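Residue numbers (the numbering used here), protein chains in the order written: chain A, 1 to 221; chain B, 1001 to 1240.
There's no promise every hint is true.
[As the list claims (entries may be wrong)] If you want a taste of the chain B side facing chain A, the calculated C-beta under 8 Å gives, among others:
{"hint": "1", "residue": "Leu1125"}
{"hint": "2", "residue": "Met1128"}
{"hint": "3", "residue": "Val1130"}
{"hint": "4", "residue": "Leu1134"}
{"hint": "5", "residue": "Val1154"}
{"hint": "6", "residue": "Val1161"}
[To be verified] Which residues of chain A face chain B? A partial, calculated answer using Cβ under 7 Å:
{"hint": "7", "residue": "Leu155"}
{"hint": "8", "residue": "Pro168"}
{"hint": "9", "residue": "Val171"}
{"hint": "10", "residue": "Leu174"}
{"hint": "11", "residue": "Ala211"}
{"hint": "12", "residue": "Ala214"}
[Unchecked claim] Between beta-carbon pairs, the in silico distance windows are:
{"hint": "13", "chain 1": "B", "residue 1": "Ile1229", "chain 2": "A", "residue 2": "Arg49", "range": "55 to 61 Å"}
{"hint": "14", "chain 1": "B", "residue 1": "Ala1222", "chain 2": "A", "residue 2": "Leu116", "range": "48 to 54 Å"}
{"hint": "15", "chain 1": "B", "residue 1": "Glu1236", "chain 2": "A", "residue 2": "Leu220", "range": "28 to 34 Å"}
{"hint": "16", "chain 1": "B", "residue 1": "Arg1081", "chain 2": "A", "residue 2": "Gly23", "range": "43 to 49 Å"}
{"hint": "17", "chain 1": "B", "residue 1": "Asp1122", "chain 2": "A", "residue 2": "Pro42", "range": "30 to 36 Å"}
{"hint": "18", "chain 1": "A", "residue 1": "Leu160", "chain 2": "B", "residue 2": "Ala1226", "range": "21 to 27 Å"}
{"hint": "19", "chain 1": "A", "residue 1": "Pro42", "chain 2": "B", "residue 2": "Met1188", "range": "50 to 56 Å"}
{"hint": "20", "chain 1": "A", "residue 1": "Phe118", "chain 2": "B", "residue 2": "Gly1047", "range": "52 to 58 Å"}
{"hint": "21", "chain 1": "B", "residue 1": "Arg1240", "chain 2": "A", "residue 2": "Ile4", "range": "45 to 51 Å"}
I should point out that these hints are in silico values taken from the structure, not numbers from a laboratory. Predicted model only: the values in this text are computed from it and were never measured. Each residue gets a CB set at the ideal place from its N, CA and C atoms; glycine is no exception.
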Amino acid sequence: MKLILALIKRDLTLSMRQGGGVGTALGFFLTVVVLLPIGIGPDQALLARIAPGALWIALLLSVLLSADRIFQQDYEDGSLDIMTMGPVPFEMVALAKAVAHWLSTSLPLAIAAPILGFLVNLEPSAILPLAVAMVVGSIALSLLAAIGAAVTVGLRRGGLLVSILVLPLYVPVLIFGLSASQPGAAPGLTTASLLILGAIALVSLVVSPLASAAALRSYLT
Amino acid sequence: MQFLANPTRFLKIANAVLPYVWAITIALFAVGLYGALVTAPPDYQQGETVRIMYVHVPAAWMALFVYTVMALASAVAAIFRHPLADVAAKTAAPIGAVFCFLSLATGSLWGKPMWGAWWVWDARLTSMFVLMLLYIGYMAIWAAIEEPHRAAMVARVVALVGFINIPIVKFSVDWWNSLHQPASVFRMGGPTIAGPMLWPLLVMGLAYTFLFLALHLTAMRAEIAARKIRQIQIAEIGDR
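Construct the entire structure; sequences and hints are all you get.
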């Protein structure tokens, strides 16, 4: 357990020192959020209606495009090879790296996104439900992105391929995340959607380490 | 299953069986299309347009069935290291993708006159669209990784992770308020379709299944041949 925490700490330290961490992801997030009102037009009422969906999509894309950081560097310099031989089970290594990505990228974005919602005229009453849904959903987002990162780690141009592989898995997160963030919806719907979002996060917690480890092993042998 | 592990024996059996499979396929299509287009009655609401069902529904069944075959083959490959399991999964994907596209296309053509829309984002259509993306992603993985053994190992993971979508597609019309027709054949309590419409549907489903079997066996033969060629080419480079 201490070793797993040490791994998480290592990845967090590396991501803070090297840049390309939350700062870049936040920048990408802001860029997408800027493009949406420009593309859709200045109608404030329309923007208010689509604001939760727009913020969710921006979150999905930001998490997805920062995902290749999870395994890429350690794969390239051979650290991943050494980790397969260490005392920590390789599945736990994969989980630790996904958790580090969540802490360094997804979680800060999930917290920042509702606050930046004013850029797309998000209703103030929607900020809290959106924040809660995004924090819960971000767990699943990071874990699923880790699967995509593991499957494409050895490919030279795996960027778009990660999107094709992971976005179908993101669709349920998006659907339930949206119905959990609507402020005016029936409270039963919000709670139910939040619970299903949590269930998706728990399932990814189990599937992601197994799938990532299996995919990484095929590149390391 | 281990009996078929030897590629040469598999090829012998496949070659022997294939003409009969094609013959059965053609016979089933003949009977099924006759039942669908001639003997089946028109629907009381939709009229003759309902006959698209005999093409659309079996295609959708096959899209789900072939992905299940892919996932099963991937599991067999991962657990038992069966040598032909990866070949089976790889070759099934394009066939399943075409079935999935056909079901989306015929459904769209059916939806325009019936629902008034080429496409709606309801639960069944969205999850079938996601299935199409899963097929494309799976084929992209095989295309992106050059070394066949490594590609197989990664592809197994992709197929198995995506399998979660199959029950979602099947039960989407039960779990959500959907514009799409709820389950009418494979449901608790038996089919709700009348007999004269049900038997052509089932015969067409069987015809599509035998078509898949014929195409799959042919594709596996081709893939095994391609692998032999690759091995010969590698050996030639080694000999120089």
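Hint by hint, which ones does the structure fall short of? Of the numbered hints given earlier, those the structure breaks are 1, 2 and 10, listed in rising order.
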